[in-house]
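Peer 1: Top line first, the protein sequences correspond to chains A and B.
Going by my numbering, the first residue of the first sequence is number 1, and it counts up by one from there.
Going by my numbering, the first residue of the second sequence is number 393, and it counts up by one from there.
Derived by calculation from the structure, the hints in this document are not laboratory data.
Cβ atoms here follow ideal geometry from the backbone N, Cα and C, with glycine treated the same way.
Misleading hints may appear alongside valid ones.
Here are a few chain A residues that face chain B, going by a calculated C-beta distance under 10 angstroms [stated by the list, open to error]:
{"#": "1", "residue": "Arg136"}
{"#": "2", "residue": "Pro137"}
{"#": "3", "residue": "Glu143"}
{"#": "4", "residue": "Leu145"}
{"#": "5", "residue": "Pro149"}
{"#": "6", "residue": "Gly150"}
{"#": "7", "residue": "Ala152"}
{"#": "8", "residue": "Leu207"}
{"#": "9", "residue": "Ser257"}
Below, a list of computed lysine-lysine pairs in the DSBU-like style, where the Cα atoms sit at most 35 angstroms apart [stated by the list, open to error]:
{"#": "10", "chain 1": "A", "residue 1": "Lys274", "chain 2": "A", "residue 2": "Lys7"}
{"#": "11", "chain 1": "A", "residue 1": "Lys250", "chain 2": "A", "residue 2": "Lys7"}
{"#": "12", "chain 1": "A", "residue 1": "Lys250", "chain 2": "B", "residue 2": "Lys442"}
{"#": "13", "chain 1": "A", "residue 1": "Lys7", "chain 2": "A", "residue 2": "Lys269"}
{"#": "14", "chain 1": "B", "residue 1": "Lys442", "chain 2": "A", "residue 2": "Lys269"}
{"#": "15", "chain 1": "B", "residue 1": "Lys442", "chain 2": "B", "residue 2": "Lys415"}
{"#": "16", "chain 1": "A", "residue 1": "Lys274", "chain 2": "A", "residue 2": "Lys48"}
{"#": "17", "chain 1": "A", "residue 1": "Lys7", "chain 2": "A", "residue 2": "Lys48"}
{"#": "18", "chain 1": "B", "residue 1": "Lys415", "chain 2": "A", "residue 2": "Lys274"}
{"#": "19", "chain 1": "B", "residue 1": "Lys415", "chain 2": "A", "residue 2": "Lys250"}
{"#": "20", "chain 1": "A", "residue 1": "Lys320", "chain 2": "A", "residue 2": "Lys250"}
{"#": "21", "chain 1": "A", "residue 1": "Lys274", "chain 2": "A", "residue 2": "Lys250"}
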Amino acid sequence: MPRNPVKDQVAIVGVGSTGFSRQGASRSRDALVAQACIDAVRDAGVGKQEIDGVCGGLPRASTVVSMLGLPEVTHYVNHPPPFGFTIVDAMNAIHAGSADVVLAYHAMYRSPFVSRSAASDPLRRHLGWAGEPIGRPWRTDPEQLEGSPGYAAWASRYLHEYGVRREQLGYVAVNNRTNAADNPLAAMRDPLTMEDYLGARMVRDPLCMLDMDVPVDGADAFVLTTAERARDLTDHPVLIHAATTGTTAKNDEDQISGLGHHGQQVVAKELRAKSDIWVPDVDVYFPYDGFSFITLSWIENVGWCGEGEGGAFVESHWEKEANRIMIDGRVPVNPHGGSLSEGATQGSGHIREAVVQLRGDAGDRQVAGARSALLTLGGFFFNAQGLVLRQG
Amino acid sequence: MHPLSDAELVDRLPDILINHDNKAFYRGWLERRLLLNRCLQCDTWHHPPKPVCPECWSDAVVPTPVCGEGTVHLLIRLRQGPPADGVDYSTPHPVATVELAEQEGLRYTSTVIGDGAADVAIGDSVRLTWIERNGAPYPVFERSGASSASER
Ligand SMILES: [Zn+2]
Chain A
1 MPRNPVKDQV
11 AIVGVGSTGF
21 SRQGASRSRD
31 ALVAQACIDA
41 VRDAGVGKQE
51 IDGVCGGLPR
61 ASTVVSMLGL
71 PEVTHYVNHP
81 PPFGFTIVDA
91 MNAIHAGSAD
101 VVLAYHAMYR
111 SPFVSRSAAS
121 DPLRRHLGWA
131 GEPIGRPWRT
141 DPEQLEGSPG
151 YAAWASRYLH
161 EYGVRREQLG
171 YVAVNNRTNA
181 ADNPLAAMRD
191 PLTMEDYLGA
201 RMVRDPLCML
211 DMDVPVDGAD
221 AFVLTTAERA
231 RDLTDHPVLI
241 HAATTGTTAK
251 NDEDQISGLG
261 HHGQQVVAKE
271 LRAKSDIWVP
281 DVDVYFPYDG
291 FSFITLSWIE
301 NVGWCGEGEG
311 GAFVESHWEK
321 EANRIMIDGR
331 VPVNPHGGSL
341 SEGATQGSGH
351 IREAVVQLRG
361 DAGDRQVAGA
371 RSALLTLGGF
381 FFNAQGLVLR
391 QG
Chain B
393 MHPLSDAELV
403 DRLPDILINH
413 DNKAFYRGWL
423 ERRLLLNRCL
433 QCDTWHHPPK
443 PVCPECWSDA
453 VVPTPVCGEG
463 TVHLLIRLRQ
473 GPPADGVDYS
483 TPHPVATVEL
493 AEQEGLRYTS
503 TVIGDGAADV
513 AIGDSVRLTW
523 IERNGAPYPV
533 FERSGASSAS
543 ER
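Excised from the complex, chain A in its bound form (with noise of 0.2 angstroms):
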C-alpha cells in the first residue's frame, strides 16, 4: 500500500486568474503572472510577507519574488509543464515544513508560430515557447515525434486498435465547448456541434484543428498552506487528498511500450492506492484534453470503463439536450471546458476550476454538491499526474 502521510494536510486557500484570450498582444507574460498572484494572495487572504513559497513554471520562481516583493522566501522552484508538478512539489515543501504558504504559479503566452496575433506583436519575435527567448533554429524533420506529435501518432493506433470513431473523440471537442459557454475565463465560447467537428480542417491526420488544445495568453495562480492554517483563513478550504505523478522507462514517444502501458497506467493506480474517494464517487472529473484522444485515454485508465471503450462510454453519457457529457447522469467532465475550450493551461485551468467548484463558487456552472474532484493531467510519456481535492 503506497503511504499517503499528506493526506488532507495541504490545502488551497487561493485563486487569481486572467482569463485566456487568444486575442490581443499587448501585455507581458510578466503582467499576466504578477495579476492573478495578486488576485490569488488576496483571494487567499493573506499578506505577502507570509508568503514564504514560490513555484511555477516561467518567469524564474526568483522573478516572481523579486516582481512582487516578497521579503523572504525559503521555497523557489520552477517545474516544466502540466502543473502537477507544481502542486505536488508545493505540496510536499509545506508537509516537509521547507515553507508554510506557498504561491504556485502558471502562465501561458503565445508565441508567434502559433498565432496571427503575437505575431503582430514585434516584442515576441524573438521568443518561442511559454515566452521564452529562442536560441539557434536547429533542424526539425516533420518524421519526429518529440512533443505534440506524438499524440497524433498514439491516436493513429488508438483508433486502428479499438475501432474508435473521429466521432467520439468530437464528444469530448463538443462537450468541452458547450461546458465553455459557461465559463467567463475561457478562450472560446462559441457554440460547437458534431457537423463542426467532423467538417474541420485535418492537421495530423487522424487529429483536427478541433482535437488540439488552443493557445492562449493569460496566467492562473494559487495560494496553497497547511490544512491547519487553511481553517483560520477560510469556511471552505480545498483539500489535496491525494496526488502523484507517473512515467515508465520507455517515455520516449515513439518507443512507449503500448497504449496499456505507460505514465497513465502508473499515476491511476498509484492515486487509487492513495485516495479514499475514487470512480464513480467523485462529484465531478477533470481529465486532461490537450487532445480530445488523451481524454478518452484517461476515461478509460481511471476505470470509467474497459481499454478502448472510452469512445463508446462518452457516447452513452452524453446528454443530448444539454449537448455534453454526463456521467451517470451526475458527473460533469471539465464544466470549465478544458484546455480544448477554456485555453492550453497545461493543466492549471483544471485544478483551478476544481478548486472554484468545491469552494462552490462556480456560479452558473456550479455542480451541485461538489464535494469531491478527480483530476488526471497530462499525456502519456513523462507529463502524467493526477490529483483528488475535496471539501475541507
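We have chain A; now place chain B with the ligand onto it with these hints.
Peer 2: Then chain B with the ligand, alone, in the frame of chain A:
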C-alpha cells in the same frame, strides 16, 4: 576510407544537434546505414541513442546496423508542418513509426515513399531505403510485402 571526424560530421550535417551520444547514429546516415544502439552485455537494442543500456546499465552500447525490415505501428498524415527539403504537405505527408524486426517495441520513425505510399496503413510491411535531404542521405521506408492488402 578514413572515418569522418567529429568536426567533419558537424560540417556535413550543420543543422542537426549532434552530441557524443548520437554522433555514431548520424555518421551512419552518411554511409546510408541505420545504426541503432545494441548492448554487448545483454543484447538489448534501444533507440534513441542513450549513453548506457537502460536494461543492464552497461556502457558497452554499440551502434549496430538493423536489417531494415519492419511493420507500420503508428501513422500520421501531416497536412502541415515545418518546412523541409522535398516534403509536400498537400499530398499529405505520411509519418510512420515502424516496429523493426530486431526486437519487439524497437521503433524508428520516418516517412514512407514510393509505390503505395499514399495509402500505407498500420500493419503494412515496409523496408528501409534512403533519400537525399539537404544534400545528405536520410533514412525512409518503402512498402515491401504483399501481406499489406490482407491486413486491411
Ligand atoms: Zn544491456
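Peer 1: Check each numbered hint against the structure and report the violated ones by number, ascending.
Peer 2: Hints 18 and 20 are the ones this structure does not satisfy, whereas the remaining hints hold.
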